[in-house]
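Q: Protein chains in written order, with our numbering: chain E, 2 to 530; chain B, 2 to 315; chain Z, 1255 to 1528; chain U, 0 to 467.
Just so you know, the hints here were simulated from the structure itself, not pulled from any lab data. Mixed in with the good hints, there may be bad ones.
[Said to hold, decoys possible] Capping the alpha-carbon separation at 25 Å, the derived lysine to any residue pairs in SDA-like fashion look like this:
#, chain 1, residue 1, chain 2, residue 2
1, Z, Lys1297, B, Asn159
2, E, Lys271, E, Phe250
3, B, Lys8, Z, Glu1434
4, U, Lys467, U, Thr175
5, Z, Lys1426, E, Ala394
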Amino acid sequence: MTLLHVQDLALSINGTPILRDIDFSLTAGQVLGIIGESGSGKSLTAFSIMRLLPPGSLVSGRIALDGDDLGARTETQMCELRGNDIAMIFQEPMTALNPVQTIGDQVAETVRIHRQVSRAQARQIAAATLERVELPNDQFPLSRYPHELSGGQRQRVVIAMAIALRPRLLIADEPTTALDVTTQAQILLLLKKLVAQDGMSLILISHDLAVVAHTADTIVIMRQGRVVEAGDTQRVLAEMQHPYTRQLFDASGHVPVRSAMSTGREVLLKVQGVSRDYPTPRKTLLGKPGFFRALERVSFELYRGEKLGLVGESGCGKSTLTRAILGLEACQEGSISIGGDQIAAGQLMPRAVRRKMQVVFQDPYGSFNPRHKVGRLVAEPFYILDQQPRGTARRAAVSAALESVGLTADDASKYIHEFSGGQRQRIAIARALITRPELIVLDEAVSALDVSIRAQILDLLSELSADHELSYLFISHDLTVVRAVTDRILVMKDGVIVEQGTTEAVFQKPQHPYTRELIAAVPVLEPAS
Amino acid sequence: MLRYILKRLVSLAMTLLVASIIVFLVIEVLPGDPASYMLGLNAQPETVMALREELGLNASKPVRYFTWISGLVTGDFGISYTYRTPVAEMIADRAVISLPLAVYALVLSTLIAFPAGIIAATRRGSAADVSIMGFSQLGVAIPNFWFAMILVTVFAINLRWFSAGGFPGWETGFFNGLKALTLPAIALALPQASILARVMRSSLLDTLGEDFVRSARAKGLSVRQTLWRHALRNALIPVLTIIGLQFSFLLAGAIIIENVFFLPGLGRLIFQGISQRDLIVVESVVMLLVFAVVVVTFLVDVAYAVADPRLRSR
Amino acid sequence: MLRHRNLVIGAVLALAFLLAAVVSLFWTPFDVAEIDIANKLKKPGDSIYLFGTDHFGRDILSMIMVGARTSIAVALVAVGIGMLFGVPLGLAAASRHGGVLDELIMRTNDLVFAFPALLIAVMITAVFGPSAINAIIAIGIFNIPVFARLTRGAALSVWQRDFILAARVAGKTATRISLEHILPNLLNLLIVQGTIQFSLGILAEAGLSYVGLGAQPPTPSWGRMLAESQTMISFAPHLALFPGFAIVLTVLGLNLFGDGLRDYFDPRIRRGSR
Amino acid sequence: RTDIVVGMQLEPPNLDPTAAAAAAIDEVVYANVFEGLTRFASDGSVIPALAKSWEISEDGLAYTFTLQSGVMFHDGSVFDANDVKFSLDRARADDSTNAQKQLFAGITDVVVVDPATVTLTLEKPNGALLFNLAWGDAIVLSPDSFDKAKTAPVGTGPFIFSKWVQGDRIELSRNTAYWGEPAKLDKATFKFISEPTAAFAALMAGDVDAFPVFPAPENLAQFDADPRFTVVVGSTEGETILSTNNKQPPFDNKLVRQALAHAIDRKAIVDGAMFGFGTPIGTHFAPHHPAYVDLTANSSYDPEKSRALLKEAGFTEGFSTTLKLPPPSYARRGGEIIAAQLRAVGIDAEISNLEWAQWLEQVFRGKDFGLTIVSHTEPMDIGIYAKPDYYFQYDNTGFQALITDLEAEADPARRTEMMQQAQQMISDDYVNGYLFQLAKTGVANADIVGLWENSPTQANDLTAVHWK
Ligand SMILES: Nc1ncnc2c1ncn2[C@@H]1O[C@H](COP(=O)(O)OP(=O)(O)OP(=O)(O)O)[C@@H](O)[C@H]1O
Ligand SMILES: Nc1ncnc2c1ncn2[C@@H]1O[C@H](COP(=O)(O)OP(=O)(O)OP(=O)(O)O)[C@@H](O)[C@H]1O
Ligand SMILES: [Mg+2]
Ligand SMILES: [Mg+2]
């Protein structure tokens, strides 16, 4: 029985066409996955169903819920529908909740809008719903404020708000993108459970094929505002009629061609018992400020030519370690030595040591000063050299660096906003390479990129490491990627390295329970048999 | 929260202490002497000396600072040089005009600004929005003393609806007092209302763009319900700061308006005190205004924390 | 074009007054210093005086032109002072975020803010006597914390960006980073705020002159023209109307211009770049 | 109606005329609340007040006053010679804070003869003693209540102080037990309105019934045209002069001062600054005084001559100086006009506007000025030219001798002659620029009668005021 039927949906905003020819339908009690790159129109498709479009939108086509044309409904009638029959949850759990209202009130509100119930009854329903999303009332009373919860817990509250009235259709727009792998797995599990329990239909939107493939009965693949392929999940993955589907699929599980595992045993970076404390606010007025230990006696070695991975959940201390290694912050205990130069705790790193390292950051938008031209941005690391190349030498170096990452020398005279995210990350790599450092730290360098672009950058990295004999420390929360590009990995939890070993060994035979948990949570995409 | 309040209180006290020293030093270097001002052109030097002695002006500066500040702390503001009445009384007499005026103006400004800001934000781009924003631009640009002059000309001299100024005293009836403060309050409120309406609008627009507003809509709340139940309270937080700033501004900024309407308020007391070199009065009033600003800022911060649970846990 | 309506209207108004000020350097219809009691209080359009004459028989149009110069000069220099001191202080505070210097700068800011602006002006002019210079200083002092606070706040968020880390990896010092990376990213904001402070400066100058604490005669000033015309408003309203409109239009123009600039710079509104 | 609201521009700092110089004090209490032995009449003559009569000894060194009988202070205590002695001794004392202490300088002793008689003995004859005793600073206070005079004055006058709302108004009520002719009004309120615009509006709106010294001459024409009001223009004792620092070069050169005098167009100043109110003067003397000599021709407006004189003095290129102006509008407006007139002959006078306190400090006591404009409102004050350290620093021994003689002279005819001689002398020396006699420009409801037309001293004597 078809619950939702979308036919010839088209949308334009202020005259710009955004969506065209969207057709799909969803059977009651089933899960529909919508997949596509950023900007492909997934969210706007969902908003069209909810009729929560930005001002200036013009929709055409037919959206029918249980055969009832939603387009014929008035706004008031839509309000009755929203939250009651169709509910929606959003990507960002951090901002999807009203910061000044308790979670109980926010969940109860859904009930009170649609049902004539007393305040107490509404709260009872809210409490029960929160229990259903695995937020037990004794630990998470209704009086909590959103800021007192973690990201995963907030996402549960958002889900509770949506399912409080057991809607027939739930639309989840990238519900797990902002969450850790383990949390993501839990939330997906929860959603599946709720679908099964309530006989609810679910539209699960994601840019990650793997996430959807496991959960959805049918999938819709979107690109540039159109549906490129749709149908039964098994069938679509088996046939991959549209080249774009294939491309997405390949990119998701992309394993770059790798140079042979390095065999050198020369230690390039040696981290010994490093601890890092952040002061926390005083508890009492005159009391001593407390400390939060972000790194606890971290020790490891990185050999020359090696690609070392560092994985762990958000907040476990990965970036803190990066900053310590780069010498941006002194640590409280232990020592770091690079290429034989040792820096003890509390010491600042001398320039001579610093220049052996470079870094690539996660956010391709934030890592460049938008006011400078690319040439100047790429040449910035020269500053650390005693003899900075000038004039033509400098320009030549910049050109060479840009060309090595697949850009052209002309790009040096452009501003950063003229480049796409993937191109920016290439520029970041060019910047990291320009001084020919011995070690490159890649802090979540591909996490913000779309799968296909991520694949290109991973290929580029592996090419470069072959050409330049790079040693790098690859930091990520994405185990699939780490597995694909590293020789050896470190697993970190709460500032402690809980496990290390060659990548394959760790993935095959994880020793630490946490590592096992992590690996189990990774959604894997296997071609349908 | 408590820690936060305590910390703020300590910094408040420090600010006041430093401010008191600055105020004292600045006012002490004012050229001109209260005694010779009082005695006029024909006074003989020894007469001036005798008066200085009587007024306690011959004591050393640290001693006088200490006497003054310790008096302030205990609520004894000293005796005015020229009027020879307790400064605290004088200030109290003036404050019953300045304070209600500031509150009146603030209420007016809020009553105008809130609906205007809300309408402008919710109907962004509409004719209502454009005209509200246009008026607010004008409101900010009009100097309030000029506006006051026009108000007097129109409503007092031509229409005779209000008296041109002066204050009959609260003892003649609350309504009379309020009426006398109406034109000045309007003159003061107009620019403030314009600013507030703009802040309200932009804050509300920001809030309306937040995810949680979208969540609320997804629950089935109508646009209006979302506005009242979710957006406004969040949007009010930055608006509060502005209201706090405006109150202190209105208290002191009324100096010019008090002149136009010859209201015997604190602002006029300062001017009068300066011109008569009644230093102790000037020092005390300035300190009082500084105190008001600092305390209001503090209260706004506390209100902030009350309005925003995220700050409460600090 | 419609999107930049504010910018255009604002620029036209502001430029008109700037032009009046500049022209007045070389030419005014009449000499503003010359007093001609016989021709006093002429109505606008009456005889050769376009805007009429004041109680001393001076040409009001000429006085408005020269007054524009006074206003603009005072406000400009005051904003300059505010920026000259405020921006470096804000940058320094941000670069030492959480440190003693930061604390010191911010507390000093709070201290200045604790004094109502007009009070500072009244006290300064009471000590040093009324003059345009002292008005500039008084307005300027109050601009310092405005810019310091704004700069610090914005600089702090720029310091959070990854490109700052990249510069630190390149071994650049905090000062260098502040100048090379932070400052250029604050320029838009500073220009917008500068415009707004400039318009506030014009209002402040008018207010100070109105209470007699601004530019001294014979230098014409809009605020003083208003103050002097007050008693004559009932029989010669043009004396108050022209300078009043001059203030309103200039301030309005500058505010619209500032708002327009803000919209223009706002990445959310501007398309093309992120 | 038996009540009146009188507008005043300045609020008195306190109500004790013996404790401060502010004119506003006298404007409220003089002749209304407080009385002295003698007093000024509305025409400026000195008439008996608490002293019914007096006798002067042959040598002019002893004055014996017979006091009014049946006089009571407002608190019910009886007035007698002891109060007179107390008041005068207090004003003369070493630690006295009386602003006009010099009025009592020659008094060596005050003797109570009997409760109704008191004798003052002098060091040397003083023709001005009765005049001096008429000043507000010489009023009689009782030893029981003198210390309350600043805030709750207790006097012997026809009105009793009843209430002071600071910053706004002072209220007086009729003294039913007054010893003399009782006041006609039951109640009088002095309302303080410093802004001229507000004063205008308050009169127009009827909030104020009379404004004896209306601060904005530009509005008088409107009042005059309005049948509801009468405009009373009288004279004051205020000689408004362009005071010149006689010790500061180039003003130590008489030619320069003369050039200054000829550069000034008095008519333009009176028209421009005072909207026509004010009598041009050519010397430091009140035109309504019988001994006045019109010397305006001595310093007629003649820019040509002025330039020639400057050239003669060696200032072909002119020079620059300072023009420091106190707050009253006659000074501020007059200053702007004078600066423009001086500019026309090549003198660049840089205006700086000062508050009174600064003016006192810089100009009056510091003598740090080139030019200033001020109205000397004390009656009969040509004697200031005999004080070489007075702020304009005119030092002429001939003139000083003349004034010493004048003080000792009792013969009216001789006195007139000497006064005229003095007027001529300072005019010929061009000590200061003599501008105009300040007019007393009052506005009142047309139904009020009995307000003073002239202002021989700063007072609002309400004794005879009543409604038609
Ligand atoms: N309010 C809007 N006004 C104009 N264009 C918009 C608006 N919102 C989105 N778009 C455009 O519509 C297109 C589709 O956006 P949409 O948000 O649906 O993408 P998405 O597939 O959800 O991407 P993501 O994975 O980044 O969330 C994009 O090109 C976007 O720029
Ligand atoms: N400046 C700081 N002051 C106090 N605590 C900090 C600071 N920076 C980081 N922390 C804390 O230290 C811990 C580790 O932070 P870090 O940024 O290194 O995590 P991460 O593993 O990089 O996380 P993510 O994947 O989210 O980037 C976190 O709990 C964080 O809250
Ligand atoms: Mg989306
Ligand atoms: Mg990190």
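Q: Does each hint hold? Answer for all of them.
A: Hints versus structure:
The suggested pairing of Lys1297/Z with Asn159/B holds, with an alpha-carbon distance near 20 Å, which does not exceed 25 Å. Straight-line distance between C-alpha atoms of Lys271/E and Phe250/E comes to about 38 Å, which puts the hinted pair past the 25 Å bound. With a C-alpha separation of about 36 Å, the suggested pairing of Lys8/B with Glu1434/Z is violated against the 25 Å cut-off. A distance of roughly 21 Å separates the Cα atoms of Lys467/U and Thr175/U; the hinted pair therefore holds under the 25 Å criterion.
Between Lys1426/Z and Ala394/E the alpha-carbon distance is near 21 Å, which keeps this suggested pair within the 25 Å criterion.
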